[in-house]
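Asker: With the hints as your guide, set chain F onto chain Z.
From first to last, the protein sequence lines are chains Z and F.
Letter 44 of the first sequence, counting from 1, is numbered 44 in the working numbering, and no numbers are missing.
Letter 360 of the second sequence, counting from 1, is numbered 360 in the working numbering, and no numbers are missing.
It should be emphasised that the hints constitute simulated quantities derived from the structure, not laboratory data.
Some hints here could point you the wrong way.
In silico DMTMM-like pairs for lysine to aspartate or glutamate, Cα to Cα no more than 25 Å straight-line [to be verified]:
| hint | chain 1 | residue 1 | chain 2 | residue 2 |
| --- | --- | --- | --- | --- |
| 1 | Z | Lys648 | F | Glu538 |
| 2 | Z | Lys503 | Z | Asp59 |
| 3 | F | Lys654 | Z | Glu586 |
| 4 | Z | Lys529 | F | Asp616 |
Chain residues, written in single-letter form:
Protein chains: 2
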Amino acid sequence: MTVSHDQLANAIRALAMDAVEAANSGHPGMPMGMADVATVLFTEYLKFDSAEPGWADRDRFVLSAGHGSMLIYALLHLTGYARPTIEDIRNFRQLGSPCAGHPENFELPGVECTTGPLGQGFAMAVGMAIAERHLNATFGDDLVDHRTWVIAGDGCLQEGINHEAVGLAGHLGLGRLIVFWDDNRITIDGGTELSTSEDIGARYQASGWHFVACDGHNPADIRRAIDEALADPRPSLIGCRTIIGKGAPNKQGTSKTHGSPLGAEEVAAARQTLGWTDEPFVVPEPIRDAWLQAGKRGEAVRSEWTARLSGHSQRDEFERRMRGGLPGGDEKRNAYLESLLANPQKVATRKASEMALEAMTVVIPELVGGSADLTGSNNTKTAATKPLTRDDYSGRYLYYGIREFGMAAAMNGMALHGGVIPYGGTFLVFADYMRNAIRLSALQRVRVIYVLTHDSIGLGEDGPTHQPVEHLTSLRLIPNLHVYRPCDAVETAECWSLAVRRKDGPTVLALSRQNLPQLRTSGRMEAAKGGYRLQQAEKPRRVVLIASGSEVEVAVSVRERLEAEGVGADVVSMPSWELFMAQPAEYRAELLPAVALKVSIEAGTTLGWERFTGPDGLNFGIDGFGASAPAADLYKHFGLAPDSIAPKVLERLKQG
Amino acid sequence: MTVSHDQLANAIRALAMDAVEAANSGHPGMPMGMADVATVLFTEYLKFDSAEPGWADRDRFVLSAGHGSMLIYALLHLTGYARPTIEDIRNFRQLGSPCAGHPENFELPGVECTTGPLGQGFAMAVGMAIAERHLNATFGDDLVDHRTWVIAGDGCLQEGINHEAVGLAGHLGLGRLIVFWDDNRITIDGGTELSTSEDIGARYQASGWHFVACDGHNPADIRRAIDEALADPRPSLIGCRTIIGKGAPNKQGTSKTHGSPLGAEEVAAARQTLGWTDEPFVVPEPIRDAWLQAGKRGEAVRSEWTARLSGHSQRDEFERRMRGGLPGGDEKRNAYLESLLANPQKVATRKASEMALEAMTVVIPELVGGSADLTGSNNTKTAATKPLTRDDYSGRYLYYGIREFGMAAAMNGMALHGGVIPYGGTFLVFADYMRNAIRLSALQRVRVIYVLTHDSIGLGEDGPTHQPVEHLTSLRLIPNLHVYRPCDAVETAECWSLAVRRKDGPTVLALSRQNLPQLRTSGRMEAAKGGYRLQQAEKPRRVVLIASGSEVEVAVSVRERLEAEGVGADVVSMPSWELFMAQPAEYRAELLPAVALKVSIEAGTTLGWERFTGPDGLNFGIDGFGASAPAADLYKHFGLAPDSIAPKVLERLKQG
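With the rest of the complex left out, here is chain Z (with noise of 0.2 Å):
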């Protein structure tokens, strides 16, 4: 028996509406709408061994239109992935199962990127298709020569981080981007006439893009539209005319089949539609097998590769790439660290981190640099990083432009293809802009380091547009994200060397703009503890002084004043809460003793603090908004100069 197109996508059709109505929450619309879009690629374009999840050569996929999950569910299962296996899409959407609301990326191999927030898959994939071209640059064609997929839905298209990653796309002439937009006109709200009047095929042309529309239902239409984006020099965007919910007779076309099940009856009747006459989770033995031999179609073209890679002179050097492990080089960097104890330095951090910077770009070429059009403030590019261009990939520094949420969600794409490490930077309080791509460097546990400068009031002038208050404590709040802030420029080399081994997230590197003095002249990798005793009392200690990045400069001055008073102060430097938690409970107990008065000193939010200080400790912070003025006018204005702290604890501890 010879299975056609419409059994193909129908297996896709039937496991999504099963799927959901089982779980009784999905979104079976989507999947069912592009199934036959879906059917085409994977059988027929898309270079994939579904044995062998892990190829570094192979396409990626990205379902950037995360909601439809039951999509790359069924694909995955259906082309013969060890998982998802029918039971865990049996599970769909409970506790245990891979296939979880969205596509999360460290469930399941074949999942690229966990998406559902919207637009950020497709700005991803820009990254992965950025690292594709300089991998490929570096390594040659026979190691690295892949495409990049997406199905974006008008969610996406509409959400502004589109416009930054189209622009990315367009300028770097990114044209093994392929993207396909599920053009089905209906939104959560209704039809797209509600909020939208776009021309979007003439918006990514005038971004550099090649557009192509087709019937998102006609495998030959669909195959005319892939083999036109294919013979393209530029990114293509497919336009695919389809119907949501396809094949649910009632419902399709509505925003009914958006986000809930289509209910038992529909169900049926969706069955009779397709022709599908199987119980819920059974696909009929040919088609299953037809899907099978799909899975293996690249089993030849991967067993070619692998012989390429086994035989190929950078072979070391791509495996270690590809598995994130580090080079040596270790010497020179330990030699930049042991220079600054030498030779004490009084830069900005942010200058610091260039220092850092220059060490390490020599000796780990993975890493890949840029900023969002602040380069000269950010100090990310290094002599070693030569700008990544659409005529030179082989460059290691990106001009992202004013793109911070489409820097961030590239750097996610290219850490999540793996093969390179990419940092990049803007000023803190921009953070913003960029903070749930953030927040998905953290889920998604990729190697991602944002250089984050300009890191307080201390920038002085800017005034509190640019002056990051609450950032420091709600960046902290992010799970399994690092949040460093150096206090100069040896705990800055150390925060980047933590950052640079630390394989399994993503890290912020909060950094001046003002100079700060070089506190630490010994020691060994102090900030790996989080935090650390930087100064001792010479008289009885009764306070210690807790600080982080250019308010430890404060305490120390404050300290000088409390010992001149006769009262013995230590000074704790914490660069970072996450790592002093994860200490013992002993040092943490040791450091920050309960009987000293704990007075913490930031340059913002002093909620939080009370973590470390207690109820009866003091928080020195900034509450409100900062100011424009001078920088040492602010500390002053804002009660954070070390002769206005020092009398206020003197005061309480007067008070006993």
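Answerer: Chain F alone, transformed into the frame defined by chain Z:
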């Protein structure tokens, strides 16, 4: 003496370079580059009267490229606004000067909004233009008939939010919005060709905009373009080809003029080039007079308008709305609250929010709602709020599309315009997408109400991408933002009442997807205290359970279990940290006494709760990401079910 266009424009250039030089900090390039365009606009087109900055029917002018703040300070000063004085300008970027690094609406009348975070000024202008058309539809041409003008740079256009703002404005056909794009082909990193290849005009046209280019240094050509824009029914983008830093002979046209002082030598050279012989901060009398005349151009028109207003049948209502005062109708809202107390409702708080809105939107006609394509999920639409469309601006409900950031910025613009109280919905997790606009609501002190539903793992199956964990506390960190998480229908109604009455800042309502029992059957406006005793211990009190939102129900169940074991426990409902912290210390101490074991329960990160429980308290929450499963399973899984919490509290009591 006749004053030439060049002389007028050079007055701006001179003040900009002098002020930046004196501050030794700032951005001279943009004001010098756009001086010609601004001169034509302010002396010939903009409808305003410098003697009456608050005139309701004035044109709104938004400097979206806020770093060029000296442009607007120069314009306001030259056209005769009371502030900034020349002394204010001399103190540009110094503590206490209203001439902050970036323009701030709360510092100077004439600064319509706070800009600097790129892209948002433009997007706020869209909101102003919406408010104008809505009020025009409500009050007629006699009272409301003005335009919104914007100056934006490449940064504003590259940012993702620009796509959302452009899409919304094009869709709504906001023909009275005219944007000048400072097309200087320079960004901070260098030429725009480093990061973009976009045909900007084509993109705008694709979204329903009119586009026209002009020579931004030729007044006649600028006029031609403006006249064309005025004649076109679509919103307009005027591409003004300019030279950044024009007038500085050696640095103009380069990024060197963007963000730093020109330096004494180049300032001297510029004076020569411009033929500007006066001392710094001195504007020759004839030029000063000509500018002052321009500032009075609108006097007659304003007088006529005032006369029309004084005899207008809708005068009182118009003035009330523009003043931001609420209408009567308290009885109706109170009646709703009383009906709840009499007939408790078990509903999700998002549904309770809809019920409160139904009652309020009938009596408060200035409430203008909307949602970022989640109307049915956010429950934001009521019977009284018909759609606001390009064909009917009198509507009160906006289908914002999948544009969270654009929505939030538009709401800021609407609130800044005055006459409307905007509220808008999305999921709480997607507060991330619009976070900096929420921050700008708070900084700008505007009454914008964010309806953020699906506020915890209680949303269930959608999983970690959609489950807010860190969001509640990360929003609480934003200064001047009130965050409410009501526990039932009564608290929800109270919080809505507080939000609407708050004139000087924004409010977030965090609302549940899942049904919650009505726990309050007595009391009046308890939520106004931020936290209050919902249930009192029967047995001797040893424990105080503090919870918010959906976890108050959990706390009530835990309390039952504790009391059954002979342990007295209070339940404190804490819908708002901000309001609770504003209560007298005695009230707080009485509610959260030092002697009791204090236990917080909230389905979010625990960081911050130490402020209320102290270090010896217990904090139940979620410090990692959520998971995909039915809500009840998740509460058990994450240890937030009463059966899991009660034993741990008892255990802690045993430890003493």
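Asker: Work down the list of hints and note, for each, if the structure agrees.
Answerer: A quick look at each hint next to the structure:
A threshold of 25 Å between alpha carbons decides the hint, and for lysine 648(Z) with glutamate 538(F) the separation of about 42 Å lies outside it, so the pair is violated. Simply put, lysine 503(Z) and aspartate 59(Z) have alpha-carbon atoms about 23 Å apart, close enough for the 25 Å limit, and the pair holds. For the given pair, lysine 654(F) sits about 23 Å from glutamate 586(Z) by alpha-carbon distance, which is consistent with the 25 Å threshold. Straight-line distance between C-alpha atoms of lysine 529(Z) and aspartate 616(F) comes to about 24 Å, which keeps the hinted pair within the 25 Å bound.
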